[in-house]
Amino acid sequence: MERGIDREVYEVLREYASRIARRGYVTAHGGNLSIRSGSYMWITRHACSLENLRPEDVVKVPVDKPSSYDIIASTETPVHREIYRRTGNLVVMHAHPPFSVALSFFIDELVPIDSEGYHVLRCVPVVEGRPGSPTLANEVASKLMGYWAVIVRGHGVFASSKFIDHTYQILCMVEHSAKLLYLKSLYEGALGLKAKVPREF
Amino acid sequence: MDLTKGEVEVEALRQDVLKMFLGGTGLGVYWLYEHLSPGLEPLSKDNVIVLASGPLTGSRVYGTSRASLISKSPLTSTIFDSTCGGLFPTYFKRSGFDLAVICGASQEPVYIHIHDDGAEMLPARDLWGLRVTETIQELRKRHGYKCSAIAIGPAGENLVRLASVMGDGGHAFGRGGLGAVLGSKKLKAVVASGSKSVEEADSERLEELLDNMRTRITWSPYLSRTLKDFGTDALLTVINDWGLLPTMNFRTGFFERAYRLSAEELAKLVVGRRGCYNCPIACKRVTKTDKVVCEGPEYESIANLGCMLGVDDLRDVAEMNHLCNELGLDTISMGVTLACFLELVERGEIKLDLKWGEADKLKELILETAYRRGYGKELAEGSLRLAKRYGEENLSMSVKGLEIPAYDPRGAFGMALSYATSYRGACHLRSWTIAFEVIGVPNLVDRFSSFEKPSLVKYTQDLAAVYDSLVMCKHFAVEFDEEPLSAMLSAVTGVEFSKEELLMVGERVWALTRLFNLREGLSAKDDALPERLLTPLAVGPTAGRAPPLGQMLREYYAVRGWSPDGVPTEECLVRLGLKGVVRPWRGA
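The listed protein sequences derive, respectively, from chains A and B.
Sequential numbering of the first sequence, starting at -7, is according to the working numbering.
Sequential numbering of the second sequence, starting at -2, is according to the working numbering.
Isolated chain A (complex conformation) (with noise of 0.2 angstroms):
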């Protein structure tokens, strides 16, 4: 961590990626999330442990240019860049929850199929690219410009909003979505039941 963090800035990231592990979105060293402020962000560092994430797993870098503390932000730090250039948010999270990754092989977009997801996210793109490659960075802003959240195929999910507790709803919302609609696919493989559409969604 740089010196001088805002102790605050530490604490609630320390909150939300604890919350994000415990919900298993993360394997015991993935993932990572960062808060603009200014002409910088506050970022996770490379290979930290979103579980329990200590001062100095949090690194300050400039929005609009590489910098040298790049050598130990996270693998992702140059699509948080990206998405903060190209977009007004001021949060960035990515996770890997299991059902919106393996969703990811299968379909080019997830549209929620319950109405909370389906009125908040209306849908979620699937991108490709290698981690941090600007390939990747260019795809997810560029998405992100007009949807909450995308995700990457095979990787995880980037969420993006204007404050942290929405983003994180976000980042929820997905991999519920995710999930109901494996459990819908489980019912109607599994024990052979027709779904019925809500007549008010």
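Heads up, some of the hints might be wrong.
25 angstroms max Cα-Cα, derived BS3-like pairs, lysine-lysine [said to hold, decoys possible]:
(1) B:K285 <-> A:K57
(2) A:K57 <-> B:K360
(3) B:K496 <-> B:K522
(4) B:K193 <-> B:K225
(5) B:K16 <-> B:K183
(6) A:K188 <-> A:K176
(7) B:K183 <-> B:K285
(8) B:K225 <-> A:K57
(9) B:K193 <-> B:K16
Listed next, the stretches of chain B that the computed footprint assigns to chain A, with coverage defined by at least 3 CB atoms under 8 angstroms from CB atoms of chain A [stated by the list, open to error]:
(10) 182 to 189
(11) 217 to 227
Keep in mind that the hints were calculated from the coordinates and are not lab data.
Beta carbons are placed, not taken as given, at the ideal position from N, Cα and C, and that holds for glycine.
Knowing the structure of chain A, use the given hints to seat chain B on it.
Then chain B, alone, in the frame of chain A:
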């Protein structure tokens, strides 16, 4: 090559020895252990210097334009190896020779030219006294531009114990005073102009492996972004924030004005980027100040000529670095020795008008060191001899006489063990646990924990010895461990190596270097750190922390299969296949 007789002999290497030691450092260590008499004076004509390429040198594998130089060090009196990149290693390998063993001493200055048809010694009287770049340029005029050279500067000629052997483009066999060994032999330079191709046993398999290597390099943020965008100085701000940046002779691990030395500030002076032959990263920087255009400075040089001395102007640091390169001085040892000198001045042991941060005066002292003038005579001996002279041995920040590089071990306990156990003295390149403890590649470990550090240090030491025997740039070690290396080695040589066999080569190197040093009279008591670095700081990011070195050492010896007093056991030597193959170290 016998410089006394002016004779050159060519002989074939034994296949069984090659399989056991590969090349580079491994082969050089084996050769020195078998042939050097214990107790000899490193600057006598009886010392030998081995120049070695490795099985991967000059191949299509990235990061392999690299060679090792191995000798007994005049600074540490231990066995000592140093590796260097650039163009020279490839031209040397292409001559068809794997190893050049240089012994004896010439009466008159000479240089050696190694080419496709053999090697010859040529007069160098007119080169003696020249600085490094002038020397290399002159040699290129003589031998054409399809060649490369390594050379010593005035420091090596004057037997300065901090003298390096410099290659073209600021590359260096930097540490241990090997430049003085060349100087003692009146050997000014070695030119290589080989033009043969480097053979590949299985080109198709190698191409597949290289495809994979390219992908992994691109995927690695450390290799493809940080080193490429910022060079090695990218480390400085993080190292400082974490309290690891040695400042003013290791009195603290935090330099208030480090931001003035950051990679972002360096970028303002950068006018170009360079790399070794066949390297996609090109981590080296070319910088320009009002006075010089120079290579680097690298992180180690910036830290040791900057924060270590209280100098906070990068232009001054770049100029001091340039001066060291041109005079043929190791920037790490020079910086730490100057810091020791400054502390002696501050304590009134040396009567001189000199304060921390006075760059112009420090530049003058660097010059004096290279020419052994004035206080330079004392500085030329290195920090340990300097401090002892004034009865202040504790002020020398060194291990086994080698000055400590720019990571304060109070902030990364793995580095404490790494420094203490390195066969060549304090060295960051024999086990760079910073990758694990700070950067988090390939994994992140708790820097303040001693748990698992002995195993980590042993593993990274063995892997580093493999890299130095192949010979390959260790920047790649963050991404490429023994598994891809063994596959690439097998593809290039046609001799199958498993990853276990490869790591065992590294372990063998560590056992043999240990035996060499034991034979020279070193013991476990030399696996030590200066008291200052075992004493916690009162303030700063590492306040209250100190590495439990004794505890880690005990476990380290056990992990290596050495006795509690740090001697490789019979069982260990049998396991490594050394028993009966190399001379017994006792009574040799």
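Okay, the hints, checked on the actual structure:
For the hint pairing K285 (chain B) with K57 (chain A), the CA-to-CA distance comes to about 23 angstroms; that is within 25 angstroms, so the pair holds. For the suggested pair K57 (chain A) and K360 (chain B), the alpha carbons sit about 35 angstroms apart, so the restraint of at most 25 angstroms is broken. Restraint check for K496 (chain B) and K522 (chain B): the C-alpha separation of about 33 angstroms exceeds 25 angstroms, so the hint is violated. Annotation: proposed proximity of K193 (chain B) to K225 (chain B) is violated, straight-line Cα distance about 31 angstroms (limit 25 angstroms).
Of the supplied pair hints, the one linking K16 (chain B) and K183 (chain B) is violated, its CA atoms being roughly 34 angstroms apart against a limit of 25 angstroms. A distance of roughly 11 angstroms separates the Cα atoms of K188 (chain A) and K176 (chain A); the hinted pair therefore holds under the 25 angstroms criterion. With a CA separation close to 33 angstroms, the supplied pair K183 (chain B) and K285 (chain B) exceeds the 25 angstroms bound. Taking the CA atoms of K225 (chain B) and K57 (chain A), the gap is about 14 angstroms. The hint holds against a cut of 25 angstroms.
Straight-line distance between C-alpha atoms of K193 (chain B) and K16 (chain B) comes to about 23 angstroms, which keeps the hinted pair within the 25 angstroms bound. Beta-carbon proximity to chain A at under 8 angstroms applies to 0 residues in the segment 182 to 189 of chain B; the threshold of 3 is not reached and the given coverage is violated. Check result for the segment 217 to 227 of chain B against chain A: holds, 6 residues qualifying (beta carbon to beta carbon below 8 angstroms, three or more required).
Hint compliance for this structure: hints 2, 3, 4, 5, 7 and 10 are not met, and every other hint is.
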